[in-house]
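> With the hints as constraints, model all of the structure from the sequences given.
These protein sequence lines map, in sequence, to chains W and A.
The first sequence runs 1 to 534 under the working numbering.
The second sequence runs 1 to 295 under the working numbering.
Just so you know, the hints here were simulated from the structure itself, not pulled from any lab data.
A couple of the hints might just be wrong.
Anything over 12 Å on all C-beta distances counts as not near chain A; from chain W, calculated [to be verified]:
| hint | residue |
| --- | --- |
| 1 | LYS59 |
| 2 | SER420 |
| 3 | SER436 |
Which stretches of chain W does chain A cover? Using the computed rule of at least three CB atoms under 8 Å from a CB of chain A, they are [as the list claims (entries may be wrong)]:
| hint | region |
| --- | --- |
| 4 | 87-94 |
| 5 | 281-290 |
| 6 | 296-303 |
| 7 | 327-338 |
| 8 | 493-500 |
Computed from a predicted model, the values in this text were never measured in an experiment.
Think of the CB as a built atom: it goes at the ideal place given N, C-alpha and C, for glycine as much as any other residue.
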Amino acid sequence: MARTTPKRTSPTTKAPKPDRATPRGKAGSRAAAQATPAASSKPSRGGTWDYAPAPETVKVAIAEHYDLFINGEFVPPREGDAHFDTINPANESVLSRVAQGSPEDVDRAVRAAREAFPAWSGLKPIERAKYIFRLARRIQERARELAVLETLDSGKPIKESRDVDLPLVAAHFFYHAGWADKLAYAFPGRAPRPIGVCAQVIPWNFPLLMAAWKLAPALACGNTCVLKPAETTPLSALRLAEICREIELPPGVVNIVTGDGRTGAALVSHPDVDKVAFTGSTDVGKRIAKSVAATSKRLTLELGGKSANIIFEDASIDQAIEGIISGIYFNQGEVCCAGSRLLVQESILDRVVKKLRVRMASLRVGDPMDKNTDVGAMNSAQQLATVQKYLALGIDEGAELVLPGVRGEVEAQTPTRGFSKGYYCRPCFFTGVQPSHTIAREEIFGPVLSVMSFRTPEEAIARANNTPYGLAAGVWTDKGSKIFDVARKLKAGVVWMNTYNKFDPASPFGGFKESGFGREGGVQGLRAYVKLDS
Amino acid sequence: MSDRLEVLKTSKLFIDGKFPRSESGRSMIVHDRAGKVLAHASRASRKDLREAVEAARRAQPGWAGATAYNRGQVLYRLAEMVEGKAAELAALIDACESGAPGTAAEGGAGEVRACVDRLVAYAGWADKYSQVLGCNNPVAGPYYNFTVPEPTGVVCVLAPASPSLLGLVALAAPALCAGNAVVAVASGASPLPAAVFAEGVATCDLPGGVLNILTTQQDELTSHAASHRDIDAIHAAGLDAKNTELVRAGVAENLKRVVVRSLDRADWFDPRLCENPWWIEGFVEMKTMWHPASV
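Here it is, written out as structure tokens:
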């Protein structure tokens with residue numbers, strides 16, 4: 001087992017020094033991996049690849065500051081100059097200034113949504129559908145611009161925002177547009193009606209995709225919305241506001257109020273809101289649940305996870321390795337359903353760990369705007385600090401860190417760019433993890449994997465389910481009956497069998513247990529946005 | 001004075017398939033509608049609630065693992081048992097339930113008939129709801145993708161005062177048919193029909209612990225149920241504003257699924273309103289599974 005970092009030290013200070021002499025563009029991440037004692041004891045096999053810089057060249061206009069989108073207009077916040085910076089986590093430069101929505105601004109937005117509700121919900125359903133189809137089309141047409149903006153504001157690799165986020169955003173609107181005039185078929189025996197004004201608070205990990213997950217079903221069902229994007233990633237939602245104007249969506253149907261947690265709190269506690277939908281941490285979700293307890297507001301919550309990825313000895317190991325890699329390192333691990341607990345059958349543990357290390361070392365970490373980048377920047381300094389806290393905790397508790405994710409070592413690992421700024425964290429994993437370790441229990445939300453082993457399927461299931469969370473899980477085996485048996489027994493809302501981190505608007509997403517309730521996507525996702533009782 | 005003294009029954013709790021008295025030793029006096037003492041009933045404590053939840057937790061995997069066909073048959077058997085106790089249950093309802101008109105369709109006899117029909121309806125749903133609530137999903141890629149409902153786990157039922165028995169049955173049956181285990185707390189105002197119903201449950205092949213029934217002053221247990229971390233869901237009706245808020249705040253404890261209904265007495269008798277898969281839907285978790293479908 002590799003020991004790359006001495007125990008009981010902070011990974012920031014005592015991590016192995018990368019080889020600064022590595023020439024840029026040569027050998028790349030392999031060279032970086034070899035610079036660590038662990039990797040040099042396990043030389044990589046096969047050839048290494050050179051990557052020339054491949055920067056995304058589409059330029060996107062970003063205004064100096066943005067106002068709130070209320071009743072179809074961009075309006076300044078009531079409290080005069082209440083704007084805050086939104087920065088590019090790849091280089092810490094200020095991208096723009098965004099309005100801090102006050103309770104008064106939230107009130108204006110909710111009133112606009114309330115006033116728009118009768119006409120929007122009373123619209124002929126096929127007309128409502130056509131507005132949403134228009135949204136989908138316009139998003140497709142402006143996809144590259146939106147992808148670039150998303151990457152600049154969030155730090156995620158352009159490869160992912162371009163090939164995953166944006167196609168899914170457009171698909172989500174397209175899928176839900178078609179439901180608008182078919183809702184009676186979704187709820188046999190009932191006459192579904194819209195709920196009213198929806199307060200929707202979304203996270204920073206998939207900024208525009210989460211906006212789509214919230215807005216598309218709400219609009220299709222005839223509701224009006226006030227959306228609060230995450231503090232660190234407001235720009236793509238504001239661009240979506242522009243698109244709402246372009247497609248002539250009636251004013252007030254979608255309102256976007258930017259701001260920090262205070263704005264979100266004001267929104268969910270606004271008395272004229274009928275429905276609250278939140279995606280984010282379990283702690284905040286519980287606070288919201290408490291704050292709406294005395295009201296008749298409907299609530300859906302999509303919260304945290306600590307998802308298990310189980311690999312049996314009879315799996316296709318190479319396929320599984322790819323799934324494990326994408327399961328935890330996709331979007332820098334900033335994914336609520338990330339497969340952050342790897343459960344490996346004991347007989348193949350050494351093989352899996354070896355392969356995992358080789359594959360992990362080949363990930364290119366660096367400039368999110370480079371088309372070759374696999375792992376971009378963490379979303380914020382705060383999130384990077386959180387991840388570093390867990391890395392230190394993991395070491396403290398006695399787990400062994402393989403390839404530490406450390407700020408400052410990025411340069412050596414990325415052949416295409418050198419960095420002096422930005423919130424980077426190299427992908428890494430822990431071995432020797434006990435189920436009681438903090439890193440095996442708490443959501444880290446970073447590129448940090450905990451590797452554990454098991455002997456029997458029963459043990460794997462018990463350990464996978466031994467968490468208050470229940471968002472997702474992965475199972476890898478080529479034996480059909482075993483995969484169904486295990487999948488059936490896992491307490492998780494999404495189970496990926498011989499695959500991981502696949503998403504589709506037709507496929508419901510959401511958790512068991514403390515990962516929340518309600519689904520997003522599919523026919524089941526519509527349930528959160530209709531009233532059924534007559 | 002008659003020459004034979006009547007043997008009076010103090011009703012007991014129903015936990016884990018057995019009939020214990022409350023561990024607290026407490027009982028409560030049950031009055032009829034005229035205010036006359038009708039009988040005594042065991043008064044469950046917080047500890048009885050905890051024990052019932054533990055029993056439900058133990059029993060739930062087995063019940064969920066039974067085939068849907070089997071769950072349906074057991075619930076149908078429960079309907080048979082209730083039919084057999086119809087006269088006794090109807091008399092108790094007419095004697096002590098507020099709002100129950102003595103003889104009309106919504107009186108005791110009518111309420112018991114509605115209970116039987118409700119159980120038959122959900123017995124039938126046991127092997128059908130997943131076909132209505134679940135589906136295949138046409139994802140844009142070479143994957144086989146489908147969504148199936150799975151039971152939430154342990155569901156606590158807080159039954160209304162009127163109709164006390166139909167309310168309890170209507171809240172419990174949808175959760176049971178989907179493979180949940182239930183801890184039902186009967187209304188304190190009318191505990192006897194629930195206690196006699198428990199005798200039917202005990203003889204209907206429902207495994208011990210799958211349906212537990214507590215009689216008590218319900219208010220006393222509401223906040224404990226709301227904050228209990230091993231209760232996965234609450235299905236309640238007839239709560240006042242304070243208790244509604246208490247129960248809804250229980251979401252913040254462990255992300256409990258909470259459904260609080262507010263129905264008029266007549267609504268409970270309406271099959272269109274109460275016998276449909278949307279009553280089950282609150283007590284299932286949708287699991288979506290993906291598998292590659294290409295080589």
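> Give a verdict on every hint.
Results for each hint:
1. LYS59: Per Cβ check, LYS59 of chain W is outside 12 Å of chain A; nearest 30 Å; holds.
2. SER420: holds (40 Å)
3. SER436: holds (19 Å)
4. 87-94: Violated, because only 0 residues of the region 87-94 of chain W bring their Cβ atoms closer than 8 Å to Cβ atoms of chain A.
5. 281-290: It holds, with 6 qualifying residues against the three required.
6. 296-303: Three-residue rule met by the region 296-303 of chain W, so holds; n is 3.
7. 327-338: The restraint on the region 327-338 of chain W is violated, since only 0 of its residues have a Cβ under 8 Å from chain A and three are required.
8. 493-500: holds (count 7)
The earlier numbered hints that this structure contradicts are 4, 7.
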